[in-house]
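So the protein lines, in turn, are chains L and R. Residue numbers for the first sequence follow numbering that gives the first Met the number 0, so the first one is 0 and each next one is one higher. Residue numbers for the second sequence follow numbering that gives the first Met the number 0, so the first one is 0 and each next one is one higher.
Among the clues, some could well be false.
What the hints assert, rightly or not - List of simulated lysine to any residue pairs, SDA-like, C-alpha gap at most 25 Å: (1) K141/L to Y173/R; (2) K65/R to I95/R; (3) K65/R to D126/L.
Hints in this document: simulated from the structure, not taken from any laboratory.
What follows is each chain in one-letter form.
There are 2 protein chains.
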Amino acid sequence: MISSAELAKRTNVNPAQLRKDLSYFGRFGVRGVGYDVAGLASRVSAILGLERDWRLVLVGIGPIGKALVRYPQFSQQGYNFVAAIDIDGKHIGEEIDPGIGIWPFDRLMQIVKENRVDLAVIAVTPDKAQEVADVLVSSGIKGILNFSSSRLVVPSGVNVQYVDFTVLLDSLTYNISRNTFRAEERWASVTEHPDKWTNEHSWPIIQSNHRAQPVETL
Amino acid sequence: MISSAELAKRTNVNPAQLRKDLSYFGRFGVRGVGYDVAGLASRVSAILGLERDWRLVLVGIGPIGKALVRYPQFSQQGYNFVAAIDIDGKHIGEEIDPGIGIWPFDRLMQIVKENRVDLAVIAVTPDKAQEVADVLVSSGIKGILNFSSSRLVVPSGVNVQYVDFTVLLDSLTYNISRNTFRAEERWASVTEHPDKWTNEHSWPIIQSNHRAQPVETL
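If we strip away everything but chain L, and leave its shape as in the complex, we get (with noise of 0.2 Å):
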């Protein structure tokens, strides 16, 4: 058994966020006993859909790509990537270290097809991410992580995680910046708003697609 106390502490979260968001997928733990380890487990395991191996495919093979590959924490967790693409063409035929083949963009829904891919990583130029989101989308994956800076058009039950790690540093930048900001007249709805821009969770634990919404005009 474990508290949610000692669970917090061991996972550095608020104890009263972890309970609420436990509460929202059922009864989970016993007041003032605290949670059975094994059966909570199991439980998250299984919503997060942890409890079967997932395929992957890259597409786009610089540094981040091959980091991604190498990733000891995927494969401990179920994550096994199949196949990477080489979009610009120029290792055909070559091996990311673990034994991934490298193959050309045009085998790319085959490769998914064949192989029954779950999810692709985009780590792609800004510049061809969409095209690779569209035949992936064809080819019938449901769950891309998004390397590229652009974002995606994709339709409704296609799942997209942007990590943009220039956007990342603009948010630290920015709450140096405003901790040091003199305030200015201008400026002044920055302050006036601090709250906005709190969130007991910084990780994006869950998160939902990106959808376009209806153009008004300014």
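For this one, chain L is given, so just place chain R on it according to the hints.
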């Protein structure tokens, strides 16, 4: 001049959200006319702290860390690595290819202070991340991009952005699994609260630092 509709289209975001986000920082644009492009770019740069260069140190020289040092968008946007720390001490004196020297961990504080380093990237294993963060905080670092899967305990005023690739894949598989979920009574609350997990912005644009909260007992 550019309209919010056109700006939203080019960036694949919702135009209403775009206008709302900008409005937190004061008045932007003229109704029925749009935004002055140069003026808007300059004000957004100022808000994000991008009108100056920022100096970074990398701690942890695995594949992810090296890929970040070589990430071309960083230097284009004024983010410049000045040094890398090899926590295992195996590559001291070598360089990561654009001429970034590799130093031992016990030189970290001196490097930060002498080079007036602003930001740090932590790309070490989870067990070492807090020790690294403690030295960074003691050195005066105010912004940390943390690739380890450890949550960090840092004082108020130090900003941390978390990037956990496994968590990002977990949220994709959660969304995919949820879409194919067979309703079972014990999971009924999942479908009762679908809106809890939706979020117009799937990019973690601005996030606050996590702070430990008072502990309550379950």
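Here is how each hint holds up against the structure:
| no. | hint | result |
| --- | --- | --- |
| 1 | K141/L to Y173/R | holds, 11 Å |
| 2 | K65/R to I95/R | holds, 7 Å |
| 3 | K65/R to D126/L | holds, 24 Å |
Of the numbered hints listed earlier, not one is contradicted by the structure.
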